[in-house]
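Chains as they are written, first to last, in numbering that gives the first Met the number 0: chain A, 0 to 325; chain B, 0 to 246; chain C, 0 to 306.
Treat the hints as calculated values from the structure; they're not laboratory data.
Incorrect hints may have been included.
[Unchecked claim] Derived list of chain A stretches under chain C, where covered just means 3 residues or more per stretch with a C-beta under 8 Å from a C-beta of chain C:
{"id": "1", "region": "129-141"}
{"id": "2", "region": "144-155"}
{"id": "3", "region": "248-260"}
Ideal Cβ positions, reconstructed from N, Cα and C, are used throughout, including at glycine.
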Amino acid sequence: MISEKNISYISLISLLLIAIFAEYFNEPYLITLLSRIIIFSIAAIGLNLVLGFGNLISFGHAAFFGLGGYISGILAIHAFNSELLISWPFLFSGSNNSLIIWSFTILFCSLLALLLGALCLRTSGVYFIMITLAFAQMLYYFAISWPSYGGEDGFSIYVRSTLFGINTMQGLNFFLICFFWLLIILFTINRVVKSPFGLALRATRFNLTRVKSVGINPFKIQLIAFVLSGAITGIAGSLYVDLNRFVSPSLLSWQMSGEFIVFILIGGLGRIYGPLIGAAFFVTFEQFFGSYTEHWQIFLGIIIISTVLFAKGGIIGFILEYRKNE
Amino acid sequence: MNKILQIIDLKKNFGAITASNKINFCLETGEIHALIGPNGAGKSTLIKQIMGEMKQDSGEIILSGINISNLTTEDRIHLGFARSFQITDVISDFTIFQNVLLAKIGKEKKFYNFYSSIDSGELTYEEIKTILLKIDLWDEREKPASLLSHGERRQLEIGIALALNPKLILLDEPMAGLSLDKIEKMKVIFNQIKDDVPILLIEHNMDVVFSIANRISVLVNGKIIASGTSSEIKSNLDVKEAYLGTA
Amino acid sequence: MTAELLIEQLLNGLQFGFMLFLMSAGLTLIFGVMGLINLAHGSFYMIGAFSAAATFAFFNSFWLSLFASFSCAAVVGVIVEKTIIRKLYNRDHLDQVLVTFALILFFSELIRWIFGAFPLYLDVPKILNGSIEIFGGIYYSKYRLFIIFVGLIIATFLFFLIGKTNLGIQIRAGQYDREMISALGVNISKLYTLLFGIGAALAGLAGALIGTIQSVEVGMGEPILILAFVIIVIGGIGSIKGALIASLLVGLVDTLGRFLIPWVLQTITNPSDAMSIGSAIGSMLIYILMAIILILRPTGLYGKKLS
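So that you can see chain A by itself, here it is in the shape it has in the complex:
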C-alpha cells in the first residue's frame, strides 16, 4: 500500500542513492542537478507553508529567495576581497563561514517577511496576490539599478562558504549539506503543520470569523507563518547562490515566484512533500525536454494547464488516487 508517508520516504532515499551512484560513476553534473532539486524544493516548502496550509497565495516569494541569495553573495564577496562591509558599530568585512551566512540570511529574510507580511496581510484574495508580486518586483528593480553589486549583470563569488572544514567545492559534500537542510526543514514543517499553531493556520484558510470567535487572531497566525515561510525560502536562496557561485537579479524575478507555485501544484497542494516531488519533476522535465528543444517551456505550459484543469491533486494526489482505485 502506498501512503503519502511512503512516497516521501521513497523519494528521500532515492535522492540520496542517486547522488551516491552519481559520485561513484563520476557524474558531477547529475549531483548538481540533485542539489538544485533539493534547493528548489526547500524554497517551495517554505512557500507551501503559507500557500498550501494557509491559502495565502504569495506571488512574491522570490523576494526571500533573492534576499537570501544576495546576503550570502555579499558576505562572501566581501570576505573574499577582504573588503569592509560596514565600519560601524564595529568593523565587519563579510564572512565565508556558512553558519554566519545562514544566520544573517534567516535574520534578514524574517525581517523582510515581517515587514511585507504586515503590509500585505492587510489585504486578502486577489489583492494579496498582486501586492506580494509587486513588492518582489520592487526588490528586483532595486537590485537591477543598484550598481554596487553588479546591477543587472549580478556578480560571481569564487568559492563556496565553508562549514566545519568540509570541502564544499566537492559536489557530493555540498549535496549532503543541502540534503541535511531539507531534512531539518521537512521535520520542522511536519511538526509545525501538526501543532496547535498549524491547526490554527489551517483554520484561517477556511473561515476567519470562526477563527476569531474562538479567540484566535488570524492576522498574527498568518504573519508568523509568513515570517517562517520567508526564512525557509531565504535559506534556499542562500544555498542556491552557493551552488552556482553566482548572484543575479534573476533570483528575484517574478518567474522564480511563479515556478515555486508550480512546484507546489505539480507535487500536490497542501502536502508536506509535494514541493519535493514537484521540484524533482520540474528539473527532470527541464533536462529531458530541454535536450530535445530549447522551446520546452511550451510543453511545460501545456502540462501546467492540463494539471490544473484536469488533475487537481498533483502527482502525489494522482498516485494515491490510482492506488485507491486498484
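With the hints as your guide, set chains B and C onto chain A.
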C-alpha cells in the same frame, strides 16, 4: 443566584433610529434566559454590542463584576464569552474533533505552540471527550464537519462554544431549521449544559422558549418591555400587543 | 534643470500613464466582472506588438500594423477565452494564477519560436516624425503626443461604453451580481468573451504603440503587467475611473521620480552617487506609493469595501 452578565442602561442610536433604548437585563447562574422580540426589535444590534462587534453609545456591560464595555471581541472571548452563530459556521474541512480542539487551542492560548502534535492526544484530550459526550457526537469525532447533518452541525456549534470554557453561552437561533425530534434532542442538551454554564438564548420558536427558558425578556423597538417567567410573559398584556397587535 | 526639461518629463509621464491605462483598464474590468486574475494580460501586449512588427515588415505601413496589433490580440484573446479561460471562472484564484502563468510561458516561447530571440523594431510614420512646438518655444515629440491623444480617445470611449451603453449596464451589473445579469436574460458567456476580447485588444494596441518607441521583444509584457497590477491595487479592483487616475499617477510618479530624485540628491552628494542611489530609489517609488495607499485604504482609491 449570581449575576453573570449585567447590561446597564445600554443605548445605541443609528441616526434618528434608536436601536437600543436604555436596555437593562441580567443573566444569572444556572438559568436559560431567552431574549425574544419581533423582527427589527433590535436583537442583533444588542447581541453585537454584547459581543463587542459594535460599540454602544452609552451604558455598561458587566461580566462577573468586570466592566467589559470597552473591550474587543477577542478579549471578551478570553474573559468567558462563547456564542454560536445564526448561520451554522463550523470549519467544514476539519473533523468534529478538530473543530472542538481548535476552540480549545484558542481558549487556552496554545496557538503559539509549534511543537506538540495535535494527533498525539497529549492536548486536553479528556476534556474534549467530555464535551463531545455531552453533545452526543463522541462516536462521530473523526467525521469531517462537511458530512454532518444540519442538526449535528448545531450540536457541534454548541460543543465549540463549550470548549471555550465559557462563563456564559450566547445561542443565536439554535433551533432554526431543525426537525422536531432534533429540537427535542437539543432541549435535553441545553438543560444539561445550563447547570455548568448559563445560556442567553435568542429564539423565534416560542414553544421552545416557553418550555426551556427559566426567564424570558421581551425586546420591542429597542426596549425591554417585559421580563419574567414563562407564565408571567404569557399573561403579559404588553407582550400580547407587541406580538399580536391586540391587547 | 530647465523648465522645458521638466515639461517634457511631465508629458512623458502622462504618455506613459495613458499606455498603462490601456493595460489596466482591461485587467480591472476582467477581474471586476468575471472575477478572473489574468497574468497572461501581458502576453496580449506582446502579441499585439509582434503582430504589428510582422505586419510592418510585410506591408511597411504603420497604420496597418496598428490595426493588426489590436485585431490579432483580440482574436487570440477570444480563442484563449473560449478554450481555456472559460473553465476558470468558477475556480479559485490559485488555479487562475497557475493557468495564466502557464499561458505566459506558452506564448512567450511560441513567439520566440516563430520570431527568434532578437528584438524587432517598428518605425514611426513620417507624419508623426520629429517634434512639434507646443507653446512658448517648447518642443515635444509628435509621436508621443499622438500616444497621449490615442489614450484620451480610448479613455473617453471606455467611459462612454461603460456609462451610456447597454453593454455598459450589463458590465456594471455583472460587477455586483453575476446571477442577476443571467436572470435578466443576458448571455453571460457572450458578454465574457466580448469583454475579454476588448481587454486583449486594448493591451495589444498598447503593445504596438510602446513597441514603436522601445523594441519589440519576448518578455516585454510582464514588466508592464506588474505595473498594471500596482495600478489596480491603487485604483481599486473593477473601477475604470480608479484605473485611469492610478495610471496617470503611476506614470507621472515613475517618470518624474526617476528624473527628479537623482537631481535632488545631487545637492547633497556627488553626481555619480546621486545618479546610482537616485535611480535605485526612483525605481522603487511607485511601490512605496502603493504601500502608502494600501495602509490608508486597503481596497484602493475607488475599490469596493471588502466584506
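Going through the hints against the structure:
1. 129-141: holds (count 9)
2. 144-155: As far as the region 144-155 of chain A goes, the hint holds, because 4 residues have Cβ atoms under 8 Å from chain C.
3. 248-260: Coverage by chain C holds here, the residue count being 3 at a Cβ distance below 8 Å.
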